[in-house]
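Undergrad: The chain contents come next:
There are 2 protein chains.
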Amino acid sequence: MSDHVETSEQKPSDGVVKAPGLKGVVALESELSFIDGEKGELIYRGYDIRDLAEHTSFEEVVHLMWEGELPTQSQLDALHRKLQAARDVPSEVIDFLRQVPDDTHPMAVLRTAVSALAHFDEETEDTSRAANQRKAIRLLARMPVCIAAFARLRAGKEPVAPLEDGSTAHNFLYMLNGEEPGEAAEETFDVCLVLHADHGLNASTFTGRVIGSTLSDMYSAITGAIGALKGPLHGGANVEVMKMLKAIDDSDKDPVQYVKDHLAAGERIMGFGHRVYQTMDPRAAILQGMVEALSEERDARHWYEYQMQILETMQTEKHIDPNVDFFSASVYYMLGIDIDLFTTIFALSRTTGWTAHLLEQWADNALIRPRAEYVGPRGKTVTPIAER
Amino acid sequence: MSDHVETSEQKPSDGVVKAPGLKGVVALESELSFIDGEKGELIYRGYDIRDLAEHTSFEEVVHLMWEGELPTQSQLDALHRKLQAARDVPSEVIDFLRQVPDDTHPMAVLRTAVSALAHFDEETEDTSRAANQRKAIRLLARMPVCIAAFARLRAGKEPVAPLEDGSTAHNFLYMLNGEEPGEAAEETFDVCLVLHADHGLNASTFTGRVIGSTLSDMYSAITGAIGALKGPLHGGANVEVMKMLKAIDDSDKDPVQYVKDHLAAGERIMGFGHRVYQTMDPRAAILQGMVEALSEERDARHWYEYQMQILETMQTEKHIDPNVDFFSASVYYMLGIDIDLFTTIFALSRTTGWTAHLLEQWADNALIRPRAEYVGPRGKTVTPIAER
Chain A
1 MSDHVETSEQ KPSDGVVKAP GLKGVVALES ELSFIDGEKG ELIYRGYDIR
51 DLAEHTSFEE VVHLMWEGEL PTQSQLDALH RKLQAARDVP SEVIDFLRQV
101 PDDTHPMAVL RTAVSALAHF DEETEDTSRA ANQRKAIRLL ARMPVCIAAF
151 ARLRAGKEPV APLEDGSTAH NFLYMLNGEE PGEAAEETFD VCLVLHADHG
201 LNASTFTGRV IGSTLSDMYS AITGAIGALK GPLHGGANVE VMKMLKAIDD
251 SDKDPVQYVK DHLAAGERIM GFGHRVYQTM DPRAAILQGM VEALSEERDA
301 RHWYEYQMQI LETMQTEKHI DPNVDFFSAS VYYMLGIDID LFTTIFALSR
351 TTGWTAHLLE QWADNALIRP RAEYVGPRGK TVTPIAER
Chain B
1 MSDHVETSEQ KPSDGVVKAP GLKGVVALES ELSFIDGEKG ELIYRGYDIR
51 DLAEHTSFEE VVHLMWEGEL PTQSQLDALH RKLQAARDVP SEVIDFLRQV
101 PDDTHPMAVL RTAVSALAHF DEETEDTSRA ANQRKAIRLL ARMPVCIAAF
151 ARLRAGKEPV APLEDGSTAH NFLYMLNGEE PGEAAEETFD VCLVLHADHG
201 LNASTFTGRV IGSTLSDMYS AITGAIGALK GPLHGGANVE VMKMLKAIDD
251 SDKDPVQYVK DHLAAGERIM GFGHRVYQTM DPRAAILQGM VEALSEERDA
301 RHWYEYQMQI LETMQTEKHI DPNVDFFSAS VYYMLGIDID LFTTIFALSR
351 TTGWTAHLLE QWADNALIRP RAEYVGPRGK TVTPIAER
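If you read the protein sequences in the order shown, they are chains A and B.
When we follow my numbering, the leftmost residue of the first sequence carries the number 1, and every step to the right adds one.
When we follow my numbering, the leftmost residue of the second sequence carries the number 1, and every step to the right adds one.
Next comes chain A alone, as it looks inside the complex (with noise of 0.2 Å):
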């Protein structure tokens, strides 16, 4: 009979579980993803990450977390075909995306982006499975029109529209730099939306499972999802590790040399360990294939170089292996995607993760809210003011 969840802590009583930051409370159950981190696997739906990567592609591997198998060619066919008719991003939202100011964090721009997309889709209180799954497809087709949108905006180019066909990587890429992308450029971006579509209940999507339990709708949840995935503890890592490899190549410096000087300094690698894998993470293993066969076609052989200099050192003096976030950065950055989009990449393609975790959370919803320990003062009184 409640109809109100607004609860909140009560007193402290015996059989309260205490678990600062929740770490190691089981929240809810999922059929989406697992890692086994002392064997280095990511499994998507019974999938290894690697057999994946190698034999699937972005849309089949989104069907895959909405429906629970692989497609069937007529299946992908079908996807391929809405994501297309579901690219027409409102005018209003990319003339607001004209007024907002160049060096707006990209992370930002997306935040608002979806959370105006809202307003100019008749389903988003329609909260339906059939409707929520028709707003994950627009979600996913949207968001990828507003960043590139948004990167042209700000380099004062006008936006490129979407082609009349081809995948999410190859509409990005185009719709990004205003040219078709070649084939290795396309697969290569693939398998990085591949990568990172999914990765158990991390911070941004636990935020949107919390948002989501209370009933609200598909796009506030992936709003907060983004604005979640913006913090530097979380998404922001190979923006960061970039920056690192363009000091390094500014600086002329020795890369062993600038690992062992940042790590006397008391400083940290970013790119490195991973608080769930004890071994190599298998994403990182992929990505660093992709940077030595790409550093090579570009003729910049210099990154793969810097990168490998740096591992052997942390190996060796940290014994700590590199994350997804080490190779992903010199990648990206190869394809020449302005550094500060990458977590907007990461957003574009974890939103499949995202929508997958929604549809999950609202087949069986329970709230999701834990409790706090009051620890503050009691019994005071008001002074009047004057008195005080």
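One thing to keep in mind: the hints can contain errors.
You can't tell identical chains apart in this list, so a pair holds if it fits in one copy or across any two.
Said to hold, decoys possible - Here are the simulated DSSO-like pairs of lysine-lysine, each with C-alpha atoms no more than 30 Å apart in a straight line: (1) Lys246 <-> Lys23; (2) Lys380 <-> Lys39; (3) Lys39 <-> Lys82; (4) Lys380 <-> Lys82; (5) Lys18 <-> Lys380; (6) Lys246 <-> Lys318; (7) Lys318 <-> Lys39.
In case anyone wonders, no lab produced these hints; they're calculated from the structure.
Guided by the hints, dock chain B onto chain A, whose structure is given.
TA: Same frame as chain A, now just chain B:
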């Protein structure tokens, strides 16, 4: 050394706590508010809500929540001046509100407006405590301006600029209606703002703290919190209460019979019950007196009478007490506020608590994230698409 905290679930192992929805788990300590559900008490930083509602203004409570102490007169004057100076919403944001369809959910509009305000705040990415305190003032000052502007624009009227002085309550009612509110209306509305300023680790406050814990910015966190509060399981209950009262009024149905019929049909009566309070929500008790006084003053005593009949029927039939939403609904309605704006008022008041919780979170940050238990398939291998 780990800079990458996009962690996720490991294999469930001994010692892992399973807590679906995180019910009963204490995620953090807070000095901000405390609810004693047995006694029916709500405390902000040591002060009973009844004492605060009777003896302090909303701005005094804002200072209390941010600074830990009630303000002196000169501190209060300074806060009023800062709020006044910060009510200048950038024209780009108001212009965007002109583009939003009239039938858009006001909480969605507020979510976009807050997200967009970030782009025109030079301190958005400055994460120092001083900058965050200034952003909290700007958010509290500008949210009422955006809400009132959208409410007028959708009614075909021009937005009204804020006054040169006056309280948050005074300015909001003035900007909404285009005329200065009477003293009784302002006082009543001010008490409503005091009553909703904080309520422990509810779902929207928790959302804000999760986003903040990635070290994302204040606008990202408040945007996410608005999205959570929008959910019908969280902030939308008083809207539903007023719809019920209107339905009773329109039908000329006896309120007692209305309740009995709905209960017999297994339907909810909105505005009753609370997960924490086992007796009457102290905020509901305060609002009940305000409904009675306001219904006399506005010659609209029927609303109070309907509510008392509903209340008595629910207590007799279900042994359940009204919550804060039950009486705030009719208060806002009698103040002439559109029903669908009720949750935005909740949001503007709760921005006090949201921002106070963020300042508390960032004073000693730890990432907030639980784990999921993977219950999906394993060991699948990709079949080529032609063979699926």
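Undergrad: Next step is simple, just say for each hint if it's right about the structure.
TA: Cross-check of the supplied hints:
1. Lys246 <-> Lys23: Neither: 35 Å inside a chain and 47 Å across chains, both beyond 30 Å.
2. Lys380 <-> Lys39: This pair counts as between: shortest inter-copy Cα distance 17 Å, intra-copy 55 Å.
3. Lys39 <-> Lys82: neither (38 Å within a copy, 56 Å between copies)
4. Lys380 <-> Lys82: This pair counts as between: shortest inter-copy Cα distance 27 Å, intra-copy 60 Å.
5. Lys18 <-> Lys380: The answer is within: 27 Å in one copy meets 30 Å, while 38 Å across copies does not.
6. Lys246 <-> Lys318: So lysine 246 and lysine 318 pass the 30 Å test inside one copy only (23 Å; across, 68 Å).
7. Lys318 <-> Lys39: Within one copy only: 20 Å inside a chain, 55 Å across chains, cut-off 30 Å.
The structure fails to meet hints 1, 3 from the earlier list, while all remaining hints are met.
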